[in-house]
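*Asks:* Sequence:
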Amino acid sequence: MNLKKIVENINFKGQSDDRQIFNIVHDSRKVKQGSLFVAISGEESDGHDFIFEAIDKGATAILANGRSPVTDKVPILQVKNPRKIMSKIAANFYNHPSKKVNIIGITGTNGKTTTTQLVDFILKFNKLSSGSLGTLGFSSPTGIVSTGFTTPESVDLHQIIRTMLDGGIKYIPMEISSHAIKMHRVDDVDVNIAVFTNLSPDHLDFHGNMNNYFKTKLKLFKNLNEKSTAIINNDDKYAKKIIKNLKCEYLTYGFKKESDLYVKSYNLKINGTHITFSFKNEDFDLDTNLIGRFNIYNLMGAILTSLKLGLSINQIKYSLENFKSVPGRFEQFKLKNNNNAIVDYAHTPDAFKNILSNIRELTNKRIITLFGCGGNRDKLKRPLMAEISEKLSEKTFITNDNPRFEDEDSIINDIIAGFESKNYSIIKNREEAIRKICNEYSNVMIVILGKGRDNYQIKGNNKIYHSDIGIIEEYFDES
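Residue 1 is where the sequence shown starts when you use the working numbering, and the numbers rise one by one after that.
Watch out, some of these pointers could steer you wrong.
As the list claims (entries may be wrong) - Now the in silico label distances, taken between C-beta atoms and shown as ranges:
#1 Lys5 with Ser146: 28 to 34 Å
#2 Ala417 with Arg19: 55 to 61 Å
#3 Phe22 with Glu473: 19 to 25 Å
Said to hold, decoys possible - Here are the simulated lysine-lysine pairs, DSS-like style, with alpha carbons at most 25 Å apart:
#4 Lys280 with Lys256
#5 Lys88 with Lys30
#6 Lys182 with Lys244
#7 Lys256 with Lys241
#8 Lys88 with Lys182
#9 Lys30 with Lys4
#10 Lys215 with Lys317
#11 Lys182 with Lys241
#12 Lys182 with Lys222
#13 Lys256 with Lys244
#14 Lys336 with Lys436
#15 Lys317 with Lys269
#16 Lys324 with Lys353
#17 Lys100 with Lys240
#18 Lys73 with Lys30
#19 Lys215 with Lys84
#20 Lys264 with Lys240
#21 Lys57 with Lys73
#22 Lys13 with Lys99
#23 Lys257 with Lys240
#24 Lys100 with Lys227
#25 Lys280 with Lys240
#26 Lys127 with Lys99
I should point out that these hints are in silico values taken from the structure, not numbers from a laboratory. All values reported here derive from a predicted model rather than from experimental measurement. Beta carbons are placed, not taken as given, at the ideal position from N, Cα and C, and that holds for glycine.
Using the sequences and the accompanying hints, generate a full structural model.
*Replies:* The structure is reproduced here in C-alpha cells:
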C-alpha cells in the first residue's frame with residue numbers, strides 16, 4: 001500500500017508520497033526493506049533513539065513525535081502521539097479488518113481469559129467459525145500462537161485480526177486489558193459486543209489509583225457505537241457507572257434478581273457445579289466442570305454473549321456441559337502422599353480470595369498455598385495477597401514470580417508485611433519451593449498461584465524456562 005493511502009485522514013507535519021510500504025513495525029529489530037517504522041516510547045527504551053538504525057535497515061518512512069531527528073533520507077511524519085496514530089495507520093494498512101468480523105471484547109480485572117475461552121468454545125461447538133485472542137495467544141490454522149501480551153500492540157493486533165479474517169474466522173472473542181485501552185491498542189478496533197467482568201485493585205502502579213483504572217475501562221464502553229451491545233456484571237459496584245455512560249443496548253448478569261440473567265441456586269462440588277439460571281422468566285439448569293462461584297460469573301458473561309449472537313439456551317447449555325477447563329485456570333491434579341494440587345493464574349487480591357475461599361468451601365484438607373509477586377508491577381497488592389493467603393491457608397510459601405528488574409528481597413519484604421503471624425516460609429527458588437511442599441507434606445491441598453500454564457520466569461532481560469505443572473507432574477499419583 002502506498003504511504004499516502006496509509007496516512008489518509010491523519011494530521012501530521014512532513015511530506016508523504018506514493019512510495020510503497022510493505023509493513024508497519026514499532027520494533028527497529030524487525031525493520032526490513034520497505035518498512036514504515038513507528039517510533040514509540042516504551043518502558044525500557046525509546047523508539048526515537050533507533051530511527052537512524054531503522055533507516056539503515058531499509059525503512060522507507062518514519063512516524064515519530066516532534067523530537068525526532070531531521071533527515072532527508074526518508075519522509076519523517078511528525079505527530080503528537082505516535083502510539084495513538086499507529087493504531088489508525090494500522091487499521092488503514094490492513095483495510096479495517098475488525099469491521100468485517102464480529103469482535104467480542106472482554107475486559108475486567110479477573111475472568112477475561114476464562115470468559116473468552118468459554119465464548120470461543122460455545123461458538124466452535126455450534127459450528128461457527130471462531131478464533132480467540134488473548135493471554136493464551138491467538139487461533140491460527142496451525143494452532144494457538146503466543147503473542148506475549150493479553151492484548152498486542154495495535155499494529156500487531158490489526159495484523160492478527162486480518163490473518164484470522166483471511167483464514168475464514170468470523171467471530172473473535174478477545175481479551176482487552178486496561179493497558180491496551182490506555183495505550184491506544186484498541187482505539188480503531190470495531191467492537192460488536194463488550195463484556196465487563198469486574199473491577200478490583202490491580203495495575204495501580206500503571207494507573208495510579210482505582211478512579212483512573214476505572215476511567216480507562218470505561219473508555220472502551222463509551223466508544224461503543226449504537227449498534228453495539230454491552231454485557232455487564234450487575235453485581236460489580238462499577239456496573240451502574242458504566243451503564244450510565246452507554247449509548248448502546250446492554251444486558252446484565254449476576255446473582256441479583258433484577259439482572260437479565262441471574263442465578264436462582266447453585267451447588268459447588270470439587271468436581272463441578274450445578275447451577276439453575278433464570279433468563280427472561282425462563283429457568284434452565286446447567287452442570288459444568290468449572291468450579292467456584294467466580295466461574296459462575298464467567299459462565300453468565302459467556303451465556304449472554306452467545307444468546308446475543310443468536311444461539312439458543314439449549315445450544316449453549318449443551319456446549320457448556322462439554323466444556324472441560326481453561327489451561328492454567330483452577331487445574332486440579334491428584335498427587336502422591338494423598339495430596340491434591342490446584343494450579344491457577346490468580347495474581348490479584350480479588351482472584352486470591354475467590355480461589356482460596358472456594359477451595360476452603362470444597363475441601364476438608366489443610367491448604368498449603370505458594371505464590372510470589374511480579375517485579376516492577378503493582379506493589380500495593382503484595383501485602384494484601386499475603387493477608388488473604390494467611391486467612392484462608394494453613395501455611396503459605398513465598399517464592400519468586402517474574403522478579404524482572406526488581407530486587408527479589410524487596411518484593412518478598414513487601415509481601416510478608418501483610419502477614420500477622422510467622423506462619424509462612426520463604427524459598428526464593430520456585431522449583432525448590434514446589435518440590436519441598438510435594439515431598440514433605442501429605443494429605444493436603446497444595447495451591448500454586450500466579451503462573452498457571454506460563455512456562456518461564458523473567459529475571460532481568462532473561463526468560464528462563466520454568467513450569468509449575470511440569471514440576472508437579474513428577475509427583476502425579478498414577479495408581
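*Asks:* Compare the structure with each hint and give your call.
*Replies:* The hints, checked one at a time:
no., hint, verdict
1, Lys5 with Ser146: 28 to 34 Å, "holds, 32 Å"
2, Ala417 with Arg19: 55 to 61 Å, "holds, 57 Å"
3, Phe22 with Glu473: 19 to 25 Å, "violated, 45 Å"
4, Lys280 with Lys256, "holds, 14 Å"
5, Lys88 with Lys30, "holds, 20 Å"
6, Lys182 with Lys244, "holds, 21 Å"
7, Lys256 with Lys241, "holds, 17 Å"
8, Lys88 with Lys182, "holds, 15 Å"
9, Lys30 with Lys4, "holds, 22 Å"
10, Lys215 with Lys317, "violated, 35 Å"
11, Lys182 with Lys241, "holds, 19 Å"
12, Lys182 with Lys222, "holds, 13 Å"
13, Lys256 with Lys244, "holds, 18 Å"
14, Lys336 with Lys436, "holds, 13 Å"
15, Lys317 with Lys269, "holds, 19 Å"
16, Lys324 with Lys353, "holds, 23 Å"
17, Lys100 with Lys240, "violated, 31 Å"
18, Lys73 with Lys30, "holds, 19 Å"
19, Lys215 with Lys84, "holds, 18 Å"
20, Lys264 with Lys240, "holds, 22 Å"
21, Lys57 with Lys73, "holds, 12 Å"
22, Lys13 with Lys99, "violated, 29 Å"
23, Lys257 with Lys240, "holds, 15 Å"
24, Lys100 with Lys227, "holds, 14 Å"
25, Lys280 with Lys240, "holds, 20 Å"
26, Lys127 with Lys99, "holds, 22 Å"
Comparing the model with each earlier hint shows violations of hints 3, 10, 17, 22; every other hint is respected.
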